[in-house]
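Listed below, chain by chain, are the residues.
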Amino acid sequence: MSEIAIIVENLGKRYALGQHKGGVDGMRHVLEGVIRSPGTWFRSRREAKLRQADFWALRNVSLGINQGEVVGIIGRNGAGKTTLLKLLSRITIPTEGRFRIKGRTSSLLEVGTGFHQELTGRENIFLNGAILGMAHAEIAKKFDQIVDFSEIEDFLDTPVKRYSSGMYIRLAFAVAAHLDPEVLIVDEVLAVGDAAFQKKCLGKMENLAQSGRTVLFVSHNMDAVRTLCERAILFEEGRIRADGDVESVVEEYFGRFSDGSGPRLRGAYGLAIEKVVLKNNKGQETREFCPGEDLIIEIIFDAQQCLEKPYFTLAVRGKKGNCFTANMMLDGHRPRVLNGKGLISCRFKSIPLLPQRYTVQLAIRASNGKDVLMDYVDIGSFVVKANLVDYGYKGQFQTRVSEATSVVIPYEWRLPDGTTAIVSLNAPASTI
Amino acid sequence: MTIPEIEPMELSIPVATPQSQLLIEAGRTEKQYWRDLWRYRELFFFLAWRDLLVRYKQTVVGVTWSIIRPLLTMLILTVVFGKLSKMPSGGLPYPLLVLCGMLPWNFFSTAISDSGNSLVANSSLISKIYFPRLIIGVSSVITSFVDFLISALLLAGLMFWYRFVPPISALLLPFFTLLAFIASLGVGLWIAALMVKYRDFRFIVPFIAQFGLYLSPVGFQSGVVPERFRLLYSLNPMVGIIDGFRWSLLGGQNRLYLPALTISIIEIAAVLISGLLYFRRTERTFADVI
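In order, the protein sequence lines correspond to chains A and B.
Residues in the first sequence are numbered from 1 upward in steps of one, following the numbering used here.
Residues in the second sequence are numbered from 1 upward in steps of one, following the numbering used here.
Because the hints were derived from the structure by calculation, they are not lab data.
Incorrect hints may have been included.
Subject to a maximum C-alpha distance of 20 Å in a straight line, what follows is the list of computed EDC-like cross-link-like pairs (lysine to aspartate or glutamate) [claimed, not checked]: (1) A/141 to B/227; (2) A/319 to A/194; (3) A/204 to A/285; (4) A/282 to A/293; (5) A/385 to A/302; (6) A/161 to B/42; (7) A/309 to A/331; (8) A/385 to A/285; (9) A/349 to A/375; (10) A/275 to A/375; (11) A/385 to A/371; (12) A/200 to A/144; (13) A/204 to A/157; (14) A/142 to A/96; (15) A/142 to B/25; (16) A/102 to A/194; (17) A/102 to B/25; (18) A/385 to A/375; (19) A/319 to A/259; (20) B/197 to A/151; (21) B/57 to A/293; (22) B/31 to A/54; (23) A/200 to A/153; (24) A/282 to A/294; (25) A/102 to B/51; (26) B/57 to A/118; (27) A/200 to A/180.
Covered, in the sense of this in silico footprint (three residues per stretch, anywhere, with C-beta under 8 Å from a C-beta of chain A), are these stretches of chain B [as the list claims (entries may be wrong)]: (28) 53-62; (29) 213-225; (30) 235-242.
Where a beta carbon is used, it is the ideal one built from N, C-alpha and C, also for glycine.
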């Protein structure tokens with residue numbers, strides 16, 4: 001099992017900023033230069049190459065991944081995660097360094113690339129399979145499984161342009177998942193699709209992992225990374241920042257937010273988040289809360305452009321999805337203007353949460369409610385620690401609490417014989 | 001995490017091992033490329049199949065368009081060159097002469113415009129999935145080749161209508177077809193690779209197709225070009241090919257002008273080789289530039 005599946009040595013990818021963007025560097029320019037004075041043109045081109053601001057999307061990256069490992073690749077936007085995947089899946093070539101992959105590799109950087117709108121589901125299965133590197137005979141053999149997984153039997157002969165987005169994604173993932181690769185490289189593809197489907201996909205990836213396949217999984221969803229991976233690698237500004245067991249690396253990821261030391265989290269229109277701090281009732285910075293304590297989320301932003309009336313949304317997610325949110329699009333309060341640095345904070349009063357781990361997500365939209373300034377991004381994580389007795393729990397099966405929901409509010413039982421029982425946080429457990 | 005040293009020896013591990021190895025190193029990816037081309041060989045036809053399948057969706061007469069278009073062009077060229085300009089036909093029915101010239105020319109012009117556009121049209125594939133990009137360019141030439149075959153049926157029908165029996169030299173037709181294919185591929189690859197960087201070619205290619213129709217002996221025989229300009233005229237590589245088509249299929253007066261054919265072959269070979277080299281050289285950055 002401990003055979004190496006992927007070795008990366010000193011890998012680097014450099015992009016020249018501003019190269020070939022738009023028509024500025026168009027052909028007219030080049031032709032003109034060549035015709036007017038070939039010598040000067042050649043020299044100036046070389047100088048331009050030297051002068052050009054280079055940008056290393058990835059540099060000095062070395063890592064080794066064993067066969068059968070499931071590794072989460074995390075980091076903020078622009079940290080180099082996608083560049084790494086693009087290099088490993090050979091979409092682009094490295095500027096320096098090298099890597100070696102053992103076994104059949106398939107990568108899924110986007111769901112449904114290569115699908116053709118005009119073709120039917122059936123035709124697209126074959127086309128997409130071929131694009132992903134499957135032989136015709138192989139696709140034919142797996143055809144039924146693919147259709148089964150995607151649940152689109154009735155629409156097999158309908159052009160995919162008439163599919164709902166859910167059907168489309170299901171079909172696309174189904175094809176990719178049945179490639180049966182030894183190494184699977186997956187970019188943030190689960191962000192799309194409904195919860196049931198996401199679960200199914202995660203399940204499929206887990207299956208692959210259990211059967212000894214190597215999986216590289218890029219995600220912004222820390223819950224998914226925690227569930228799926230044993231190991232995680234944190235990227236920051238094109239380099240590896242941390243590499244190790246998933247819990248500690250994810251902690252490091254959030255830690256970089258709260259001490260504000262990492263690079264800023266960039267959104268659209270010059271909006272950036274510099275720092276996110278979680279505090280309790282006493283105003284102490286913490287990542288551990290007791291049930292019934294207040295949760296204060298402080299966000300330090302930097303708006304380089306003046307942004308009027310944006311909507312902030314904060315969501316606290318547990319294992320089973322959103323527990324509660326503070327959503328300005330619903331409550332109608334919003335800052336009049338964001339300009340320069342500032343602080344916005346939100347206090348959730350006496351959080352009624354069960355002892356689990358929770359993630360805080362942030363999304364920001366422009367004043368029209370449509371333009372996304374920052375899409376849902378995990379900005380913090382905390383645990384609730386408590387004894388179940390504190391909640392008034394004394395049932396025989398209370399250890400199953402982790403399978404239950406996350407939020408509890410006080411409730412009162414009234415039994416057939418007329419006795420009542422109140423179950424409430426910090427209330428002495430009453431007997432029935 | 002310790003990285004095991006990779007011995008230089010390991011670089012030459014053959015692919016035939018049950019578990020394939022992939023080694024990518026900055027600056028040396030060539031060997032892997034040609035292996036991949038073989039591994040993805042089915043994709044040539046899948047992409048061509050896709051383009052054909054898609055082309056006539058949501059049209060009323062469907063694939064009949066492949067017949068109607070060359071038929072109408074043939075009629076117009078026959079009227080303009082045969083009836084109005086009274087070009088010599090060497091005793092052959094003028095429509096036959098025109099269609100015989102149109103066959104390679106149309107193949108060439110659709111192939112260069114389709115394969116020229118092919119990379120840009122498939123940019124979403126290029127930026128998200130790996131496969132040898134050469135496949136995209138080649139498969140659109142294959143698509144145009146299918147059109148060529150349909151037009152060839154039209155020509156066969158026309159020959160039947162005129163009760164014309166092709167001479168024995170028709171056996172050499174595959175050779176000229178191959179020439180036309182290689183010419184289309186060579187120019188197509190050049191344009192496709194250039195188009196990734198310079199979208200100017202989107203406007204240049206229709207120009208080539210339009211002018212080329214009149215600069216090449218499509219509506220007339222190359223015999224009408226004065227003898228002293230003949231060699232100069234032959235610098236157009238399509239001259240040798242079109243003449244070859246006429247000579248092999250129609251025979252008679254359409255004698256083969258060997259200097260033109262030789263020039264064509266040399267030019268075509270040069271374009272193909274340089275096209276392949278240029279395509280390969282720029283291919284590695286397609287995903288970054290497109």
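Results of checking the hints against the structure:
no.	hint	verdict
1	A/141 to B/227	violated, 63 Å
2	A/319 to A/194	holds, 16 Å
3	A/204 to A/285	violated, 39 Å
4	A/282 to A/293	holds, 9 Å
5	A/385 to A/302	violated, 33 Å
6	A/161 to B/42	violated, 25 Å
7	A/309 to A/331	holds, 13 Å
8	A/385 to A/285	holds, 16 Å
9	A/349 to A/375	violated, 25 Å
10	A/275 to A/375	holds, 17 Å
11	A/385 to A/371	violated, 38 Å
12	A/200 to A/144	holds, 17 Å
13	A/204 to A/157	violated, 26 Å
14	A/142 to A/96	violated, 39 Å
15	A/142 to B/25	violated, 34 Å
16	A/102 to A/194	violated, 34 Å
17	A/102 to B/25	holds, 15 Å
18	A/385 to A/375	violated, 30 Å
19	A/319 to A/259	violated, 26 Å
20	B/197 to A/151	violated, 41 Å
21	B/57 to A/293	violated, 63 Å
22	B/31 to A/54	violated, 29 Å
23	A/200 to A/153	holds, 17 Å
24	A/282 to A/294	holds, 9 Å
25	A/102 to B/51	violated, 34 Å
26	B/57 to A/118	holds, 7 Å
27	A/200 to A/180	holds, 16 Å
28	53-62	holds (count 4)
29	213-225	violated (count 0)
30	235-242	violated (count 0)
The structure shown violates the earlier hints numbered 1, 3, 5, 6, 9, 11, 13, 14, 15, 16, 18, 19, 20, 21, 22, 25, 29, 30.
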